[in-house]
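Modelling step: build the complete structure from the supplied sequences, incorporating the hints.
Residue numbers (the working numbering), protein chains in the order written: chain A, 25 to 360; chain B, -19 to 307; chain C, 68 to 489.
Simulated from the structure, these hints should not be mistaken for laboratory data. Be aware that one or more of the hints could be misleading.
Output of the computed footprint for chain B on chain A, the stretches with three or more beta carbons under 8 Å from beta carbons of chain B [as the list claims (entries may be wrong)]:
| hint | segment |
| --- | --- |
| 1 | 190 to 201 |
| 2 | 241 to 255 |
| 3 | 286 to 295 |
| 4 | 298 to 309 |
Derived DSS-like pairs (lysine-lysine); straight-line CA-CA distance at most 30 Å [unchecked claim]:
| hint | chain 1 | residue 1 | chain 2 | residue 2 |
| --- | --- | --- | --- | --- |
| 5 | B | 186 | B | 93 |
| 6 | B | 103 | C | 320 |
| 7 | B | 66 | A | 305 |
| 8 | C | 376 | B | 66 |
Residues on chain B that point at chain C, a partial pick, calculated with CB under 7 Å [stated by the list, open to error]:
| hint | residue |
| --- | --- |
| 9 | -5 |
| 10 | 74 |
| 11 | 86 |
| 12 | 87 |
| 13 | 89 |
| 14 | 93 |
| 15 | 101 |
| 16 | 104 |
| 17 | 105 |
| 18 | 179 |
Ideal placement from N, C-alpha and C gives every residue a C-beta, glycine not left out.
Next come the chains, spelled out residue by residue.
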Amino acid sequence: MANLLEIQNLTVEYKTRRGTARGVDNVNLNLEENKTLGLAGESGCGKSTLGRSIMRLVPYPGEVVGGKILMHLHHDVPYPKGVISKGIVNILDLNEDEIRALRGKEIAYIFQDPMTSLNPMIKVDKHFQEIMKAHDPEIEEEEIRGRAYEILDGLGISPERISDYPHQFSGGMRQRVMIGLGLALRPKLLIADEPTTSLDVIVEAQILEEIAELKELFNLTMILITHNLGVLAQTADDIAIMYTGRIMEQSPTELLFEDPLHPYAKALLESVPDVQHPEKKLSWIPGAPPDLIHPIPGCMYNPRCPHAMDICKTTIPDLITVDGGRLVACHLFRGD
Amino acid sequence: MALVEVRNVKKYFSVTKGIVESLMTREATYVRAVDGISFEIEKGEVLGLAGESGSGKTTTGRLCVRLLRPTEGEIIYNGKDIATMKGKELRRMRRRIQFTFQDPTSSLNPRLKIGDAISDALKLQGIGSADERRGRTDEILERVGLSPASSFYNRLPHQLSGGQKQRVVFGRAIILNPEFVVTDEPVAMVDVSIKAQILDLMMDLKRELDLTYLFISHDLATSRHVCDRIAIMYLGKIVEVADRDRIYEDPLHPYAVGLMNAIPIPDPKAKKAEAVPRGEIPSPINPPSGCRFHPRCPMAFEKCPNEEPELRDLGNGRQVACHLYDN
Amino acid sequence: MSQQETAISGVFYYLIPRTGDWKERSRSFLIGLAVVVIGSLAIISAFIGLALRSNSGIGIYVIVYTILCAFVVLISDAYRKYRIQEKHMTPRTGWLFLSAIFIILGFVSVVVGLFWVPESEGSLSSALVLGGTVLGVVVILLYDGYPILEERGSAGYVAMAGLLIVFAMVYMTAVSWWVVPYDPRDLDVGPYISAPSVQFPLGTTSLGQDLLSRTIAGGGIMLQVAVLSVLVCFSVGVPLGLAASYRGGVADKATSLVMDSIFAFPGLVLAIAIAAMLGPGVVNMALAIAVVYIPSYFRVIRSQVLTVKELPYVEAAIVLGARDRDILFRYVLPNVLPSAVVVMSINFADAILTAAGLTFVGLGLPVSVPDWGWDLTFGSHQLIAGKWWVITYPGLMIVILALGFTLAGEGLNEILTPKLKE
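Next up, the structure:
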């Protein structure tokens, strides 16, 4: 399977008054087409920043300072002033017009909080109109309506509700509307940033199922950013675990849960409660991640790692391939 | 006699309406957050109160510590009804019953040093001199793991991590030596790798200080690890109560079944969840007639929309409010 | 430098060359500082030059005395900081100590003033007390306020600039009578409406008064009115706002209605109406302005209280057993007061302008008192004849004073509102 996205040595820095913090540090990531990649980690690990940098939406004072984000376009993408030819394109090299052409049409982004992501002053059908017209000013009302109905139906929202205002929807419905808007232009890549974190567990299960169906239907490739490993176990094909802006491990889901390689991944999995195994002793990781404005040398997990060696304190481990296909950044492992 | 006994408690919030609407309709509109619940908590028990948002669990927690006054019903603590207490008696009672808030950031005064935030409890209750309060606060700081106390006393909330702030919240709750603590989503806003740390702290404190907990949480996976019994709420009513293991392995109420099915399991090989209930929890302003769950219930039959099921005792500590188990 | 030395050296910390980033950070600071220092020195030397020719004859000595007071304050503050560092004194005792110094200085000044020029009947004493105190406060502001400059960047500078302007004005007004070359009330000290010259650097008015003297001394009334009105406003508006919003219900709705009605009036018009009713005088002017401003405090406090009241940490206090008054004074008030302080600074600025307006319209004070407002009135008549100086200089003073308050308010607003996330 070809790679839809290849991220090479991506670094994002946040310049604050107290100092500069590396939100994303030399990240390498490959995303296969039609797969779902889970990006997991705790607060402050950089997963949101990584997702946003793919869309070039990193908020001030963050800034991409190095690396490439290569995307494989299967067709030309026209926009008012020109056209992006198909092939491999570096997202970070595009100008404003070009990246706007890609946003929505090729890459869609779903934010965490549906309460504030929708404009409360305009009805839902107008939301659809705006998005579709922005990319194709010639588009007919009929077609807009048709597509909107189709998507919302797939998400369980009845067609009459399209002329309601956002506040008339409940939290779960609003998130569905967000997802529908994201998919309105049939993008290739969907990045969902904590899409169900603010929702109740039953609605969460419903929406995850709906997303899975839509993924099949539209041949989507997805990046699912969340701290909830339970959700990823059910929905992701591969999982990348991040810590202090770096990727610690990337493995196929089943292998990760069966046999996590990186000590952090292992510790993380041990602290996730499993409702089916209540006898499992919940553990926790002592200490806390370092302040990224004052990073520590070497592998930043070393103060909390039970297997820390001397080399861990001085040298940052590279992300190497192990066991044919699994990636891990830890001095305990030698590459293939 | 149970330590806490809640009898038929209701809490309605009136909804403010616009001028036109209030002129046009006679009836007042209420949000029936809690609509007639009864349960008991034995001394030394951890009772879990589970449910989704809109279920009324948070309101119930607040009622138990009298942050709210029940519209109807009694809350009996150690034999006395606290539902109508006020003034000095109520303030005295607050030494026995405490509350921890969900969001450690917003429940700590950003301008107060955390040591002062904790010792304020003693100050507000008029206990001890300044020196005594300082000494006791230092003790508490050490006990919740914020050591050395002298260094942590003077810090401001924004200088602490989420987990540390949550410890401060717990410290503040126990400094008055309460008997009963209601914890509202104690680990919801804490990172996964620290959750167990806070839960361990809670259980240690329980053993040391002989506490009784009401553990409010929407995260059933976590609840299973700490609670002795669990009560599940839906739209202002309790639908099922059972011992911890029983309710997970063999839930009776269709909503409880759906809830258990929906919990994400950190095991990719686990059987994919069976059908999850359709739709969403309706608004508590106009709950469905009869059994509130009937519009979404896959097992609903003729009785369900017409008659509200009572919470029946099925023996062995099991209670269900569902017509399927009427006999 | 050690922590200790840093703490004691205060603002002088910046002037000492350090290694490394001295070039980068201190450079821009030093340039800015140089500009400010040179500018201030120019003004100060002009002022002192004036004082040498003062009408009262003792002008320069008055200034020297106040500088001496400031020096005493500086030494005491350094001593205080040293003792606190050595843990011989708690911060609270430190402030008490400082207040005691101020009180002693004030007392000494009163006595000195009475004996130095007995005929002055206390006006010299008040000049000395006020002048000495203001300079002392400026010293403390600079000395102790430098951490704010460092932390808050531009907001700190803005606030500091504003405060310094205000205090400079107050100082100038305090010692004015003893420092000016001519008595501001004296008529016919020079030719009528003559342009600025060496003898009369700012020119003369239509009554032959020295404009320079009038400009320096003219702020007194205005400042008194402003301070008085702000005091009244604050003491009425803030408690009202607190009480009404905390109680809620009918009391809240009724009070809000009254306040909104007052607020709906254009300020100056209302002030004019009230001043016309009450008649001339400092107190009446202050009251007229105060009434116009009370709603501002009320609304700001009220909105803050309503927000803070609902916050989780207030609920937490209730759970711990706080009574209404505990919550009001320990939790709500401290979080609500900063916004009141900000309104206060804007209030000052507006009070100055309104006072000038009232005098301009003729509703303020007897004509004999030197006041910028009067000079504006007279000056406006002269403007058509091309005599620009009578209106310009007093007008400029009003603008600068109002600017000072506004800057201070803006800066304080930025500083006092804690930014939670960087």
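Against the structure, the hints come out as follows:
Counting residues of the segment 190 to 201 of chain A whose beta carbon lies closer than 8 Å to any beta carbon of chain B gives 4, which reaches the threshold of three, so the coverage claim holds. Check result for the segment 241 to 255 of chain A against chain B: holds, 5 residues qualifying (beta carbon to beta carbon below 8 Å, three or more required). Under the rule that three or more residues need a Cβ within less than 8 Å of chain B, the assignment of the segment 286 to 295 of chain A holds, with 4 such residues. Only when three residues or more bring their CB closer than 8 Å to a CB of chain B does the claim for the segment 298 to 309 of chain A stand; here the count is 8, and the claim holds.
For the hint linking residue 186 of chain B to residue 93 of chain B, the alpha-carbon distance of about 26 Å falls within 30 Å, and the restraint holds. In summary, the hint linking residue 103 of chain B to residue 320 of chain C is not supported, as the alpha carbons are separated by about 34 Å, beyond the 30 Å threshold. Simply put, residue 66 of chain B and residue 305 of chain A have alpha-carbon atoms about 43 Å apart, too far for the 30 Å limit, and the pair is violated. Distance restraint check for residue 376 of chain C and residue 66 of chain B: the Cα-Cα separation of roughly 20 Å lies within the 30 Å cut-off, and the hinted pair is therefore satisfied.
The criterion of a C-beta within 7 Å of any C-beta in chain C is not met by residue -5 of chain B, whose closest approach is roughly 17 Å, and the hint is violated. Evaluation of the residue 74 of chain B hint against chain C yields a held restraint, the C-beta minimum of about 4 Å falling below 7 Å. With a cut of 7 Å, the hint placing residue 86 of chain B at the interface with chain C holds, because the nearest CB-to-CB distance is about 4 Å. At about 4 Å, the closest approach between the beta carbon of residue 87 of chain B and any beta carbon in chain C falls short of 7 Å, and the interface hint on this residue holds.
Because the closest C-beta pair between residue 89 of chain B and chain C is about 5 Å apart, less than 7 Å, the hint holds. With a cut of 7 Å, the hint placing residue 93 of chain B at the interface with chain C is violated, because the nearest CB-to-CB distance is about 13 Å. Evaluation of the residue 101 of chain B hint against chain C yields a held restraint, the C-beta minimum of about 4 Å falling below 7 Å. Below 7 Å, beta-carbon pairs count as interface contacts, and residue 104 of chain B has one with chain C at about 5 Å; its hint therefore holds.
The criterion of a C-beta within 7 Å of any C-beta in chain C is met by residue 105 of chain B, whose closest approach is roughly 5 Å, and the hint holds. A least Cβ separation of about 21 Å between residue 179 of chain B and chain C goes past the 7 Å threshold, and the interface hint is therefore violated.
Going down the numbered hints, you'll see the structure goes against 6, 7, 9, 14, 18, while the others check out.
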